[in-house]
Amino acid sequence: MDIFAQLIVNGFIAGSLYALIAVSFSLLYGATRFFHMAHGSFAVIAAYVVVYLHRTLELPFVFSVISGVVLSGLVGYVLFRTIYRPLRERGGSPMILLVASLGVMIVIHSLLAITFSSNFTGLTKVLERTRFELLGASVSSHQIGIFFVSIVVSLLVFVLLEKTMFGKKIQAVSDDEEVARVMGINANAVLSSVFFLSAALAGLGGILTGVDTGVQPSMDLFFLLKAVIAAIIGGVGNVYGAFFAAFLVGIVENLGIWFIPSEWKDSIAFGLLILFLLVRPNGLLGKR
Amino acid sequence: MEYFYHLLVITSLFSIIGMSLNLVVGYTGLLSVVHAAFYGIGAYAAAILLASTNLPFLLVVLISVGVTSVVAFGMGVVLSRFRGDYYALASLGFGIIVYTILLNWQSLTGGAFGIFGIVKPEILGFTFTTGAPYAFLAFIAALLVYALSRFLVDSSFGRVLKAIRENESALAVFGYKTERYKLTVFVLAAALAALAGVLYGSYISFIHPSSFQDMVSIYMIVIVILGGLASLPGSVLGAAIFILLPEFLRFLGLPDDIAAHMRQALYGVALIVLMFVRPQGILGSYKL
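Taken in order, these protein sequences are the chains called A and B. Residues in the first sequence are numbered consecutively from -13, following the numbering used here. Residues in the second sequence are numbered consecutively from 11, following the numbering used here.
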């Protein structure tokens, strides 16, 4: 087994795990212009739905995953309707929305911890993985599945944004909400669906990560940070940039382990962000 | 009576935290989510010095505050280039790095075991034991921090800070080096948080990285916003509510673990409600 190949492959898998969450975070930021701190919570909620439906109630896996994705989407929709939209309509600044979303993150975190305990849990009972060799690196069949699901779903989202009327409306609202309204686009309806879509995508990202490593209520911050780092490096609001940056973060993090112990992974990712903020504040594919 | 002294100590320490963080968040308008890190570095520096040297307590305080200020300076140089949501995110990331270091630098910090048996402060031959003496010490420290902060915010320096909050670009046009002001207030606030950290460590006599993680930084923001942005008495009020509220929850007789999460959820709800009804906090004057 070649260490370099293993780290690169691990980097790509980590990148595919971050990609959906980063793309959804960027999509949400592009449309609403505020940093949604509770974004990682969507990922954790969806993973716990799978824990409950699949592991506890022993319902079929695919059904549990779909339920998890839809349910986290609904949570996003409800949050927008009950908290973020009213705050926006009162003329709340992005900072007010950011602080409110911090509150949302804390509440979801504690509710999950009360319901499911603070401990790590796997999404499935079977933890055994069939492993095989790929380009001199060892990967599990789950990881290959995760990688392809993430890539395919990301591509579908890009097609949705580029080729459909719905995607055009999202772009219009992202470019200028006022103008979009004047043109007869129901901005609130668009934002509601963006919230649903983005929360559902983050949920899928959370489930994929959960399948690979398990889940814990405190992972919300882990998800949020990886998403934010990739989104900023990719240029906030730019979904394609976020997608590529997610892989960049995954690969750099894993190659970093070559030089320093793996506990420092998160610090490496953050170091990369600081570097980008200093030398390229508008991100890789700069657009602000 | 012992119980009352205990609450007085903790409330005094968190008042110091609240007032110092308010200098950055309330007066300068920068949402810093890294304050717990400085509280932690102060506590750790003092614990290590007290365990391995025979230096007098006041000198230990001085060195710990100094070390923290140096670290804060390094972070501040980077942070001062940002404002708004970027400032919040970048500072959150720094908080996570410090937590990772406290947790993983085994040989210096004891890692996940923490540090035990931190001695009580001895000043001019008098040992401040738990109870009335320590309450007196903490109260005096809070009073000093209040006086210093009051002096600062009423000075011309304080007026520049408020001007940065209102319109940084305009101020820069008038030739003010706004980055320097942001850096100075950040380091100062960190130094004061370190003082609270030193007193906390030697009071509880045991410190652990989890007392200084990013969630704690978010609690500190709850204190500042709840009590009132840009109001020093507000921060004292915020600290008092923050400490006393869970004491009331205790009478509900919930299991410890659940009570802790309930408390956490309550802080989250408080943040959300505040953003709706009073974004400047109870006694505050400035809205985010």
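Derived by calculation from the structure, the hints in this document are not laboratory data. No experiment lies behind these values; they were computed from the predicted model shown. For each residue, glycine too, the CB sits at the ideal point set by N, CA and C. Take the hints with a grain of salt, since some may be wrong.
Unchecked claim - Partial selection, computed: residues in chain A whose CB lies under 8 angstroms from chain B:
#1 79
#2 138
#3 142
Unchecked claim - Computed spacing ranges between beta-carbons, pair by pair:
#4 261/A x 83/B: 16 to 24 angstroms
#5 68/B x 249/A: 53 to 61 angstroms
#6 166/B x 60/A: 50 to 58 angstroms
#7 107/A x 121/B: 18 to 26 angstroms
#8 60/A x 140/B: 32 to 40 angstroms
Which numbered conditions among the earlier hints are violated in the structure presented, ordered from lowest to highest? 2, 3, 5, 8
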